[in-house]
Structures are given as structure tokens and as C-alpha cells.
Amino acid sequence: MTTRFNALKADAHWQRVWDERTTFAARDDSPKPKSYVLEMFPYPSGKIHMGHVRNYTMGDVLARYRRMTGHEVLHPMGWDAFGMPAENAAMEKGVHPGNWTRANIAAMKAQLKRLGFALDWTRELATCEPDYYGHEQALFLDFYKAGLVYRKESAVNWDPVDMTVLANEQVIDGRGWRSGALVEKRKLSQWFLKITQFADELIEGLGSLDQWPDKVRLMQENWIGKSQGLQFRFALSDGGSVEVFTTRPDTMFGASFVAVAADHPIAQALAARDADAAAFVERCKQGGTTAAELETQEKLGYDTGLTATHPFGAGELPVYIANFVLMDYGTGAVFGVPAHDQRDFDFATKYRLPIRRVVADGDMTDPAFDEEAAYSGPGRLVNSHFLDGLDIDAAKSEVIARAEAGGWGQGSTVYRLRDWGVSRQRYWGTPIPVIHCATCGEVPVPREQLPVKLPEDVTFDVPGNPLDRHPTWKHVACPGCGADALRDTDTLDTFADSSWYFIRFASQPDDRPFDRTVAESWLPVGQYIGGVEHAILHLLYARFWTRALRHVGLIDLAEPFTGLFTQGMVTHETYRLDIPDHDGPPGALWVSPADLSVGEGGALFFQTEEGGAIPIIRGRVEKMSKSKKNTIDPEPIVDQYGADAVRWFMLSDSPPERDLEWSENGIEGAWRFVQRLWRLFESEKAGEGSDVALDRKLHRTIADVAAAIEALSFNKAVAKLYELVAAIEKAAPSASRDTAIATLMRLVAPMAPHIAEEAWATHGAGGLIADAAWPAVDAALLVEDEVTIAVQINGKLRDTLTLPKGLAKEDAEAAALASDKIIRALDGKTPRKVIVVPDRLVNLVA
RNA sequence: GCGGGCGUGGCGAAAUGGUAGACGCAGCAGACUCAAAAUCUGCCGUAGCAAUACAUGUCGGUUCGAGUCCGACCGCCCGCACCA
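Everything in the first sequence is counted per the numbering used here, starting at 1178 for the first residue and increasing by one.
The set of hints was computed from the structure by calculation and includes no laboratory data.
Every residue gets a Cβ at the ideal spot worked out from N, C-alpha and C, and that includes glycine.
A couple of the hints might just be wrong.
Said to hold, decoys possible - Mimicking DSSO-like on lysine-lysine, the simulated pairs with C-alpha atoms at most 27 Å apart in a straight line are: (1) Lys1392 / Lys1893; (2) Lys1290 / Lys1800; (3) Lys1630 / Lys1322; (4) Lys1224 / Lys1290; (5) Lys1286 / Lys1270; (6) Lys1371 / Lys1392; (7) Lys1329 / Lys1362; (8) Lys1800 / Lys1224; (9) Lys1998 / Lys2010; (10) Lys1403 / Lys1362; (11) Lys1476 / Lys1403; (12) Lys1651 / Lys1322; (13) Lys1186 / Lys1862.
What the hints assert, rightly or not - So the derived label-pair ranges between C-beta atoms look like this: (14) Ser1589 / Leu1395: 21 to 29 Å; (15) Ala1863 / Asp1755: 57 to 65 Å; (16) Gly1384 / Arg2009: 46 to 54 Å; (17) Pro2015 / Tyr1899: 25 to 33 Å; (18) Pro1210 / Leu1754: 52 to 60 Å; (19) Pro1632 / Leu1754: 43 to 51 Å; (20) Asp1547 / Leu1754: 56 to 64 Å; (21) Asp1638 / Arg1835: 42 to 50 Å.
Full structure from sequences and hints, please.
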């Protein structure tokens, strides 16, 4: 009679052993091949959630597997510790952001340890500590020196709730990505990182990232948004000129107007002296930004009275201010070709401007364009003088060549990507290490004065930037002239912090951000795992930062992450109170699964304090979130079932890139499996006799599980292990069975390390299973000597036969024709044709 | 609107163009038990007593053979969006 596996006891014991022996500390000087496995580090919000558990379990299985296959593995953990929530907590609860953050880190670290992750805690870092952000300030100044940082006054996205500037990447549907507040435009002096200098490289580099999801590469490519075309000048009737950019220079002769953005200098100048124009400009600014509003918004224009001279002498074009032209793309001005651009078509229709076909649609060449919509398909140029008969690409080249020869335009490439505005008017971030002096201008903080530390004595009782209103912090002597000067009171966007932490993990000297040689020995990260929500923001910034570091000569690395895996979310059913005429906020109706009662017939109720019961509506399965109250706290689950069962469940069933629905039954099943393993590990050993079928199954499983883990197909690895366990359970006692059980310990060790250590300690080969080698595959046992082949008639399965492996085609055909079922099914007919796939099937075409 | 992805049992899912549904969950039946839990055994796409037929969103195509490849459509999900 075996006892049950006591997960709580075993978990605590082995976690302590790993800790004491620093089993998972990565050695820089190891002779083994190096492997860097990294999961996106968490924001210390207070508690870990199921998403973290899933993310880190996946990385952990890979890290442990890599150790077993002879790699020196770097698998570190740290904290993305700066950010708004700490300041919100300070405002709400009166705690210092630092204390709040550090307490959260301590709590979450304990929770992570409770899951037994094979992490190198000796390299733990928190971005909010001066020994991290001080080095970031040094890197910022390196970038500054190299001209990759600049300051400019610009219209920025202002979040009126968080009272800070947001990057374009952080504005979603016109709202702040954190606060959800409608973003306003403000003019502010801001620091920018020159990500656009690397726009081309960042697109090119995507091509080399063949271990990234196509989806992420595509999203980044679209975000960078490279367009090639012609930038050229129109001479204006008032003696001035206007620059426009187009990707369709071939349609030049179809132009019937020029349009500028409302905040274009020409529009601004006109508005300054013309009240109607000013009113129109104002109206343009009020337009909505949501998808639906843009969809339905009418194209509006204001005729400036100016005309532009067509560069090929094809007349004068009216110049409009138009609400659909964007100032921050291209030059803020366009020429309109109504026949071949839908927006221009709508505009021309409204203002009765000529619509002239210049690209033939099949044999439709009539200059009078009488179709319902613009034509943007392929064709030959028509009604275009010297371009007639050319295809679109040839016509583009011809126009660009003539523009360049004539000196009035040049072929040019335009990107959607904007430089990265990094100034944030917040306290809890990396102080920007620059001093502003009335005489010397902007002066970098001297290296020996780094880090520029955040002051501790700050207040959060009023909105705004605590650094700016701190009585003394910003007042310093100018490093240049010694006069009174002011520190920059902005802090860096926290995405800067996460743009190089993976390098600091690899190497963390005290006196500089990282040691180049050591960092290069670990990087790039072999496998990076995290949520797809970072597909653009974090992953693009980190790629840029790495290239910027290379540009300033600090590291020879183009791409930081060789392999990227974006895991799915952990989801749960949602529950809402069934109250018909509720007039409160909809969020108030969500009910946590922990607060539900089950009534008759499985109906769900919410028990009120007064003893009443409100019926519950089951909502859809959604990502666990606080707002929907459908979260499951991992901590009590781990306490109840043990770390291994939780880890096992995280890996089971759903493919890792897809969503995983949390279920009570699922975790129960995982727990049962852990107990099944234990019964096998503790079962009587026979020691005698061999069982070749089991040997084969074992070695097949070793190979399959290895392949599945390498492919990150954890659900398949789990399924193969279930099969092996079932096979061992059914097998009669034998030495083979004993070997299979001993080997099974190592096969489950990456997924369920605690039970594996526990069993290894009493039945294993000594040492820790965490240090054991992955079992070797006996290739001879992978070769089956018999195979089951399918016999089909006209592609339909009629019989299966067990035949020796490698049987000649004629013999397989003969065996198939000899089958009773086949003889009956053929009903005397002779097959016209026979297809034999060796060791797979015989298909008789009758 | 543009771009991308996905549609397979009651559910999560497997399946180099070659036996559709491995494995798990749920369910059903049985064993053990005074009983329950735990555990074990068997069944488990639909119809049919069966032989068999029909089954991978729909319709077509390629092929000896299609969940897989191609085309059209329907539905869902994600990303971007007045980007010139």
C-alpha cells in the first residue's frame, strides 16, 4: 500500500534544496553550449495571476529540458518595476511608490518560488532601483552623444487622467492605453529617441526572424509602414510652393486638386487672416477618432483660392484645406486623383471637381470616368501624354526620373513610424539625466554624477508631477558654467526600462550597464516567451534599443530575440447578476466565481447579505481580468493541489499559443495524474524479464516528448506522457517496466519537477534530477518490425492489415488482395490500378 | 475598408496529402465498499440490430486518395486604419 504524494511537503523541501544549492544559477564560464530562455518579466502589481503562471511554466519546461540536454541555461527573473500603478497607489493609499512596489515584489517573488521555477535568482533585478536605472541613464547619454536623442517642441498625445504624455504606440482608438481617457493634443518640449533612423533596418531585420510568429512580424512591418514614392513641389499662384508626397506618381495627369492638412502652414497662414478658414480649421480638429466615426465622416474641404501649377504643364489645380489630410504623415499635403483614390473620389464628387481616368481598367480608357468608385487596380496608363501605354510601375519610374532630372522632386521613402517620445511627466520612472542651463542650454549630467536618483520625500496629494514641485531636487549647479540650473523633471517612458533588461540579466557589472563579452556570450535570447499584446510596443522598442547599442559600439548584436513565442491567455467563464433594470455601472454586475452558489439543477446564484439569492447569467469565456471579476487567484490553488498539478494543467489540453480555459475539472485531472505518477514511482519493482513492446513504447515516448518540447507543443508532450503511463500501468512486472518507471521520472521532470525529485531521491541514480541528463533514445527501438497498413478501395478504408515493415510493394498488394473483406468488397472485380505507399497503405482503384 | 488567423464529437483538442477524432475533461455501465470518496475495468461522432452509410462551417475544384492543397462564400477572432 503506497501513500499519497504529499505535494505541499515535497514542494517546500525541494524548493529549499534548489535554493540552497543555487542549482539554477547560470555560470558565465561554463564550457557547455549556452542557452538563454526568457519570459517577459512581470510588472509587480501585487500578486501573480494565472497568465504569469502559464507563461513562466512554459519557459520553465524549456529551461529545465535544456539543462537536461547538456546546456548551460540562463533563465532569469526580474521586475518591470516603474510605472503608473505605483503612483496611483500612492495617491489612493498614501504609500510611497517605492515601498508599494518593493512589497509587491517580495510577495510575488514568494509566489513564483512556490511554483518551483528553475530561475537564476542571483541575477534578479528591479528596474526601479538606482543600480538598474543609473545604467539606463548612462545608455541614454551614450545615445545622446551619438545623436540618437533629441529634444523638440511638438504636438504630443496628452492623457488628461494620468497627466502625462503618451507615445503613439500607447494611444489606442484615441484613448490612453492605461487610463482609457480621451487623449488631447498638446504642445510640449519632449525628448525623442530616433527610432526612425533605424526604420529600414527594423523592417529588414524582420526577414531574419524566422523563429518569430508571422503575425508579429507583419504587425511590426505594418506599424513601421514603409511607402515608396515621389516627393515634389507644386508652384503656387501666390509665389510660394507646396511639397506633396505620393505613392502614385504615375497618376500625375489625373490630378484635379491639391489638398493640405488643417494644421499645415498654408492652412494656418490663411486661417490667421481669414475667419472662415479659421472656422474650418477648427472644425477639422473636432473630428472623432474612432473607427466608426472615421468611416462615416464626410470629406470636407475649404477652397483657399490658391492654385497650384501642374509640374507637367497640365493646367492649374485648386488648393483646398481638407479634413482627411494628416499633417503627421508624409508632407501634410497631397494631390488628389479622384479616378484612382477613393478618398479623392468622394472629395471630388462633393466639390464637383474633374474625375479623369488615367489608368485603363481592361479596355476602359475613356477619360470621362463614370464609375461608382475609384479604380486602384492594375492597368496601362492612358490620357497621360508621354506615359500612355506604360504599365503602372514603368510610369512611376518615368515620372520620378523626370522630376529628378527637372529638379522639382525626388523619389523618396516615407515611414508611418514616428520617433519615440520618451518624456513622461511622472515621478515613478527613470529620471532623464539632463540639466537645463540658461546659458549652456541642455547639459548632460556628468557620468560621475550618475545615477540621478529619485528623491524619496515626495507628495502625491495633488495631481501633476511630484518631481517638478519638489522644493529642492531640480535645483542644481550647471555642470558647464556652475550657474544655477534646473534638472529635467521628466522621467523616461517605462518601455525604455524593458528595452535592455535582457542584456543586464546576461551581465551585470557595478560600474557599467553590461560587459560586452559576457553579454555577447549569452545573447541573443534563444527563446523569448510572452503575450502577443507586446507585439509592437515592447518588442519594437527592444529591437530598436539593441540596434542603437550596436550603433554606439556597445554590443555587436542586431536582433535581441532569436525565437519568439506568444502564448495564449488564460480565460474563464464570466458571471453577471440577472437584474433587469439596473441603472448602475455595468461593471458592478459582474460576480466572481468564488462568490457563486450552486442551486438546484446546477443553476447559479449570488447569496446576498440579507439572505436573498440573485440569479446569475453565464457570460462568455473571456480573458481573466479584474474588471470582469473572472480571475482565479493561483495562490490558493497551488496550496490545494501543489505546484506540479498546477504546472501540469497549464501545459495540458490547449496548444500554448491558444487560450486556455481555467476549469476546476482540469486542475482536478492534473492532480489525479500526479497521484498516478506517484503510484507508479512507488510500486513494487520486479527486476526480472524484458518486455520489448514496453521498451519500444518508452523510447518512442522519449523521442516524441523531446520533439514536442523543442517545438513548444507542450500539450502534445503531455498526451504522449499519458500514453506511456497507461502503457506502464497495463504492463506485467518486468525489468523493462522498472526501467520505464525510472525513465519516466526524468521525462516528467521538466513539467512536474517536485514529484520527480522526490521519486529520484529514493529510486534514482543519485544527485538531483534537476541535474540529471535527458534519457538517451535507443534508435533501434524506434524502428518497428511490424506496421499496420490501411487497405482502401477507391480511397475508402475497407480493411487494415498487420504486415512486416519494409514489405515489397507487390507483397503488400498481394496481402491486400488476399483479405476476406477486400475480396467481398471487390465483388469479383479486378482493380484497374493499385497504389501502394510502403508501410502505410494499399489503395485499389476498381 | 485593408491585413492576418481560425472553423474537427457535449467540451479542450490530435492527425509529414495516406486508417479522422490520439490524449484530456465531462458522461454512461460495471468492480471494490454497509455507503461515499478514492481507485480499477469497459463504453463513449451520428444513424442503424447489423452489414454499412454519413461525418472536419458551405459550395465547387485538383488528386488513386483532401481536415490538410486551390477557388468562391458564410461565420468568428485579432491587428491596423482618412497613411496619400
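- Task: With a cut-off of 27 Å on the C-alpha distance, tell me whether lysine 1630 and lysine 1322 pass.
- Result: Holds. Lysine 1630 to lysine 1322 sits at ~21 Å (cutoff 27 Å).
- Item | 27 Å Cα cutoff - pair lysine 1651, lysine 1322 | Distance of about 23 Å is within 27 Å: holds.
- Query: Taking 27 Å as the top limit, are the C-alpha atoms of lysine 1224 and lysine 1290 close enough?
  - Reply: 13 Å, holds
- Query: Does the Cβ pair proline 2015, tyrosine 1899 satisfy 25 to 33 Å?
  - Reply: 30 Å, holds
- Message: Can you confirm whether the C-alpha distance between lysine 1998 and lysine 2010 stays at or below 27 Å?
- Response: 19 Å, holds
- Message: Can you tell me whether the CB distance of proline 1632 to leucine 1754 sits inside 43 to 51 Å?
- Response: Given a distance of about 47 Å, which is inside 43 to 51 Å, the answer is holds.
- Straight-line alpha-carbon gap lysine 1403 to lysine 1362, limit 27 Å: Roughly 25 Å between the alpha carbons, so the hint for lysine 1403 and lysine 1362 holds.
- Query: Holds or violated: are the alpha carbons of lysine 1186 and lysine 1862 at most 27 Å from each other?
  - Reply: 25 Å, holds
- Is the Cα-Cα distance between lysine 1800 and lysine 1224 27 Å or less? OK: lysine 1800 and lysine 1224 at ~17 Å, within 27 Å.
- Query: For the pair supplied as a hint, lysine 1286 and lysine 1270, is the alpha-carbon distance within the 27 Å limit?
  - Reply: 23 Å, holds
- Does the structure keep lysine 1329 and lysine 1362 at a Cα separation of 27 Å or less? 15 Å, holds
- Query: Okay, proline 1210 versus leucine 1754 on CB: inside 52 to 60 Å?
  - Reply: Taking Cβ atoms as reference, proline 1210 and leucine 1754 lie about 57 Å apart, which means the hint holds.
Going through the hint list in order, the structure satisfies each hint without exception.
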